[in-house]
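Line by line, the protein sequences are chains A and B. Residue 259 in the UniProt record's numbering is what sits at position 259 of the first sequence, and the numbering runs on without skipping anything. Residue 188 in the UniProt record's numbering is what sits at position 188 of the second sequence, and the numbering runs on without skipping anything.
No lab work stands behind these hints: they were computed from the structure. Please note that the accuracy of each hint is not assured.
[Unchecked claim] Calculated pairs, EDC-like style, for lysine to aspartate or glutamate (alpha carbon to alpha carbon, straight line, at most 16 Å):
{"id": "1", "chain 1": "B", "residue 1": "K270", "chain 2": "A", "residue 2": "E173"}
{"id": "2", "chain 1": "A", "residue 1": "K317", "chain 2": "B", "residue 2": "D114"}
{"id": "3", "chain 1": "B", "residue 1": "K270", "chain 2": "A", "residue 2": "D111"}
{"id": "4", "chain 1": "B", "residue 1": "K266", "chain 2": "A", "residue 2": "E173"}
{"id": "5", "chain 1": "A", "residue 1": "K294", "chain 2": "A", "residue 2": "E173"}
[Claimed, not checked] These stretches of chain A come out as covered by chain B in the derived footprint (C-beta under 8 Å, 3 or more residues):
{"id": "6", "stretch": "7–14"}
{"id": "7", "stretch": "60–69"}
{"id": "8", "stretch": "78–91"}
{"id": "9", "stretch": "238–244"}
{"id": "10", "stretch": "279–285"}
{"id": "11", "stretch": "307–321"}
From the three backbone atoms N, C-alpha and C, an ideal C-beta is built for every residue, glycine too.
The chain contents come next:
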Amino acid sequence: MPQYPNRQFLDFEKPIKELYEQIDQAKKLAEKNPKIDYNSNIEQLEALILAKRKEITDNLTPWQRVQLSRHPDRPYTLKYIDKMTTDFVELYGDRNVKDDKAMVGGFASLDGETIMFIGQQKGTNTKQRQLRNFGMANPEGYRKALRLMRLAEKFNKPIVTLIDTPGAFPGMEAEERGQSEAIARNIYEMFRLKVPVICIIIGEGASGGALGIGVGDRVFMLENSWYTVISPENCSSILWRSWDYKETAAEQLKLTSDYMSEFGLVDGVISEPVGGAHWDYDLAAATLKDTIKKSLAELKKVSAEKRISQRIAKFEKMGNFEEVKA
Amino acid sequence: MSEEELKSENSYIPEDDKKSEGESKQRWFQRLRKNIQTTTSEKKEVPEGLWSKCPECNYICTSSELEENLFVCPKCGYHHRIGSEDYFKILFDNKEFKEHFAGIKSVDFLGFTDLKSYQKRLDDIYSKTDLKDSMRVASGQLNGAPIIIACMDFAFIGGSLGSVMGEKFSRAVDYAINQKIPFMVISKSGGARMMESAFSLMQMAKTSAKLSQLSDAQLPYVSLLTDPTFGGVSASFAMLGDINIAEPGALIGFAGPRIIKETIRKDLPKGFQRSEFLLDHGFLDFIADRISLKDKLSIMLRHFKV
Numbered sequence: 001m002p003q004y005p006n007r008q009f010l011d012f013e014k015p016i017k018e019l020y021e022q023i024d025q026a027k028k029l030a031e032k033n034p035k036i037d038y039n040s041n042i043e044q045l046e047a048l049i050l051a052k053r054k055e056i057t058d059n060l061t062p063w064q065r066v067q068l069s070r071h072p073d074r075p076y077t078l079k080y081i082d083k084m085t086t087d088f089v090e091l092y093g094d095r096n097v098k099d100d101k102a103m104v105g106g107f108a109s110l111d112g113e114t115i116m117f118i119g120q121q122k123g124t125n126t127k128q129r130q131l132r133n134f135g136m137a138n139p140e141g142y143r144k145a146l147r148l149m150r151l152a153e154k155f156n157k158p159i160v161t162l163i164d165t166p167g168a169f170p171g172m173e174a175e176e177r178g179q180s181e182a183i184a185r186n187i188y189e190m191f192r193l194k195v196p197v198i199c200i201i202i203g204e205g206a207s208g209g210a211l212g213i214g215v216g217d218r219v220f221m222l223e224n225s226w227y228t229v230i231s232p233e234n235c236s237s238i239l240w241r242s243w244d245y246k247e248t249a250a251e252q253l254k255l256t257s258d259y260m261s262e263f264g265l266v267d268g269v270i271s272e273p274v275g276g277a278h279w280d281y282d283l284a285a286a287t288l289k290d291t292i293k294k295s296l297a298e299l300k301k302v303s304a305e306k307r308i309s310q311r312i313a314k315f316e317k318m319g320n321f322e323e324v325k326a
Numbered sequence: 001m002s003e004e005e006l007k008s009e010n011s012y013i014p015e016d017d018k019k020s021e022g023e024s025k026q027r028w029f030q031r032l033r034k035n036i037q038t039t040t041s042e043k044k045e046v047p048e049g050l051w052s053k054c055p056e057c058n059y060i061c062t063s064s065e066l067e068e069n070l071f072v073c074p075k076c077g078y079h080h081r082i083g084s085e086d087y088f089k090i091l092f093d094n095k096e097f098k099e100h101f102a103g104i105k106s107v108d109f110l111g112f113t114d115l116k117s118y119q120k121r122l123d124d125i126y127s128k129t130d131l132k133d134s135m136r137v138a139s140g141q142l143n144g145a146p147i148i149i150a151c152m153d154f155a156f157i158g159g160s161l162g163s164v165m166g167e168k169f170s171r172a173v174d175y176a177i178n179q180k181i182p183f184m185v186i187s188k189s190g191g192a193r194m195m196e197s198a199f200s201l202m203q204m205a206k207t208s209a210k211l212s213q214l215s216d217a218q219l220p221y222v223s224l225l226t227d228p229t230f231g232g233v234s235a236s237f238a239m240l241g242d243i244n245i246a247e248p249g250a251l252i253g254f255a256g257p258r259i260i261k262e263t264i265r266k267d268l269p270k271g272f273q274r275s276e277f278l279l280d281h282g283f284l285d286f287i288a289d290r291i292s293l294k295d296k297l298s299i300m301l302r303h304f305k306v
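Construct the complete structure from the given sequences, taking the supplied hints into account.
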C-alpha cells in the first residue's frame with residue numbers, strides 16, 4: 001500500500017493531502033527544534049485525517065464513488081488474493097488461443113480451504129496497465145475463466161470471482177474470436193456449476209464484461225464499487241450525445257452499492273475501510289475474507305441441485321414491469 | 001374558371017401583395033398558415049408508400065411485390081428490416097398464430113431521465129405504434145409442427161433488452177417446457193435498455209438461466225440473428241442457440257462498429273461483423289435467407305425430434 005508522499009489523491013481527497021503536508025512540516029520543524037514537542041500536534045493532525053476520510057466518504061456523489069472505484073491506489077484482484085490466502089498457484093491460458101492478462105485465476109488456500117479465485121486484473125503503473133489492458137478482457141479471458149471454473153467443479157472446489165472491469169474489450173480481434181459468444185457462454189455455464197459460486201464486485205462492474213464472471217449463489221459489492229449495464233461515460237455519450245454528462249448519467253443509473261442492494265440485484269454490501277479500500281489493504285481484505293467464509297459455510301449446507309435451482313430462481317425474479325389485460 | 005373567380009377563392013392575400021399585384025408576378029400558391037400543423041399523435045410513423053427502393057442496389061419495386069417476396073429485394077437479395085408481425089406471418093402456417101403475454105408492459109421504475117424521461121419515451125412510442133414493447137411472443141404451427149417464437153421489434157427503442165423482454169422470454173421458455181415444444185428467438189436489437197440500468201443487465205442472466213432449464217428439458221432452442229443484433233442480446237441468449245442462424249448480410253457483434261473504430265483507431269475491413277464474417281469465424285451454424293428459412297427450420301427441427 002503506497003504511503004505518503006507516494007499516495008495519490010483524487011480531487012475531492014485534496015483536503016487530506018493538505019493535512020499530510022502539515023504533518024510533514026511539523027515533522028521537519030520537530031527535527032529543527034528538538035526541544036519543542038510536536039507529537040501532540042502530529043497526533044491531532046492524524047486524527048483530523050481520519051475524520052476527513054470519514055467526512056468525505058459520507059457525502060460522496062454517485063460520480064465520486066465511480067471515481068473512488070477507479071482510485072489509482074485501490075487494491076486489485078491479485079492484491080486481495082495475496083492478502084486473503086496462502087499457497088496461491090496462478091493458472092494461465094484458455095487452452096485455445098492465448099493467455100489473457102486482463103483475467104487472472106488460480107487455486108489458493110483460504111484458511112486451509114482450497115478455492116478457485118478468478119477475476120479481472122488492472123495494472124498499477126502505465127506499463128502494467130497496458131499489459132493488463134486496463135482490466136478489459138478479450139474472449140480468451142472469459143474462456144480461460146470458464147476453463148478454470150470447470151476445473152474447480154471437477155475437483156469440487158468453490159469458486160470466488162472478483163469483478164473489476166470497465167467492460168469487455170471492444171476490439172476487432174475480440175469480435176473475430178466471438179466476444180459475445182464467450183460472455184454468453186460463461187453466463188449460461190455459471191448457472192450450471194455444481195460447486196458454490198460467490199461473486200464480488202471490488203471496483204468497476206461494467207456491463208456484460210462484469211456479468212461474464214458474475215453469476216453466483218451470492219453476489220456482493222464492495223461499498224465503493226459500482227455495477228450497471230454501461231459505464232457512465234458511455235451512457236452519457238449515447239443518451240446525451242455528449243461526453244459531458246457522466247455525472248448526471250452516474251446519478252440516473254443508480255449504480256452504487258446502496259442502490260443495488262436496495263433493488264435486490266446484489267445480496268449485500270461489504271464495507272470498506274474509512275475513506276475507501278485504498279486506505280487499508282489489510283482491513284479491506286479481512287472484511288472480504290470474512291464475507292466469503294461466512295457465505296461459503298451457508299452455501300455448503302445446501303445440496304448442489306438446490307443451489308443451482310436457487311441460483312436460477314434468484315435471477316429469474318429480477319425485473320420491473322406491470323401486467324395489464326391484453 | 002376566370003381569373004377573378006380564382007382571386008376571390010383565395011380569400012387571404014397579404015396587404016403587401018395586394019399593393020404590388022399589378023407589377024409583380026402573379027402568385028399561384030399562397031401558404032395560409034405557417035409551419036407544420038399536424039400534431040405528433042396524428043402523424044404516421046412510416047407512410048405506406050406504393051413504391052419501395054432497395055437501400056443496397058436502388059432497385060425500385062412496388063411495396064406489394066416486396067411483401068410477396070418476404071421483404072427481400074427481388075434484384076439483389078437485400079433483406080429489409082421487418083418487425084414481429086411480418087416474421088410471424090412468414091413462419092406460422094396460414095399466417096395463424098396466438099400471441100402470448102402481450103399485457104406485460106415496461107415501467108419507469110428508476111425515474112430515469114436523459115434528454116427526455118424514460119416514461120415519455122415509452123408514451124411517445126405507444127402513441128406512434130401499436131407495439132407494447134420490444135418483444136412479442138406467439139405460438140402456432142410451423143409446417144405442421146408446434147413451436148413458440150419470440151421476436152423483437154427494432155421500432156420499439158431499438159429492440160432493447162429490458163425487464164419486459166426478459167419476462168416474456170422467461171415465460172415463453174416455461175410455455176415451451178410445459179407444452180414440450182421447440183423455442184425460437186428472432187433477435188433484432190441494439191442491446192440492453194440503458195434506461196433500466198442494472199435491471200436490464202440482469203435480463204442477460206435471467207434469460208440465460210431459463211435457457212439452462214430449457215436445455216435440461218431437452219427441448220430445441222433456435223436463435224435467428226437478424227440485422228442488427230448487438231450488445232446485451234448477442235452477449236446472452238442470441239449466441240446460445242442449439243443452432244445459431246443468421247439472415248444474410250446482418251450486422252452482428254458485441255460492440256458497435258463505431259466504438260471499435262474509436263478504440264483501435266483503424267478502419268474496419270469490408271464485411272466486418274456481417275453474418276458471413278461470423279459464419280467464417282465459426283459462430284453460426286448456417287446462414288438462411290428469408291425465402292428458404294421456414295423450410296430449413298422445419299427440416300432442422302425434425303432432426304431434433306426424439
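Check of the stretch 7–14 of chain A against chain B for coverage (Cβ-Cβ below 8 Å, three residues minimum): The restraint on the stretch 7–14 of chain A is violated, since only 0 of its residues have a Cβ under 8 Å from chain B and three are required.
Using a Cβ cutoff of 8 Å, are there at least 3 residues of the stretch 279–285 of chain A near chain B, or does the coverage claim fail? violated (count 0)
Taking only the CA atoms, is the gap from B:K270 to A:D111 under or equal to 16 Å? 54 Å, violated
Take the stretch 60–69 of chain A, compare each residue's beta carbon with every beta carbon of chain B, and decide whether three or more fall closer than 8 Å. violated (count 0)
Take the C-alpha atoms of A:K317 and B:D114, compute the straight-line distance between them, and say whether it is at most 16 Å. 27 Å, violated
Taking 8 Å as the Cβ threshold, is the statement that the stretch 307–321 of chain A is covered by chain B upheld or broken by the three-residue rule? holds (count 8)
Tell me if chain B covers the stretch 238–244 of chain A under the three-residue, 8 Å CB rule, please? That given contact holds, which follows from 4 residues of the stretch 238–244 of chain A lying within Cβ reach (below 8 Å) of chain B.
Pair hint B:K270 and A:E173, alpha-carbon separation not exceeding 16 Å: 15 Å, holds
Sort out whether A:E173 lies within 16 Å of A:K294, counting only the CA atoms. 41 Å, violated
With a cut-off of 16 Å on the C-alpha distance, tell me whether B:K266 and A:E173 pass. Distance of about 12 Å is within 16 Å: holds.
At least three residues with a C-beta closer than 8 Å to a C-beta of chain B: is that true for the stretch 78–91 of chain A? Since three or more residues must qualify, the claim that chain B covers the stretch 78–91 of chain A is violated, with 0 doing so at under 8 Å.
Of the numbered hints listed earlier, those contradicted by the structure are 2, 3, 5, 6, 7, 8, 10.
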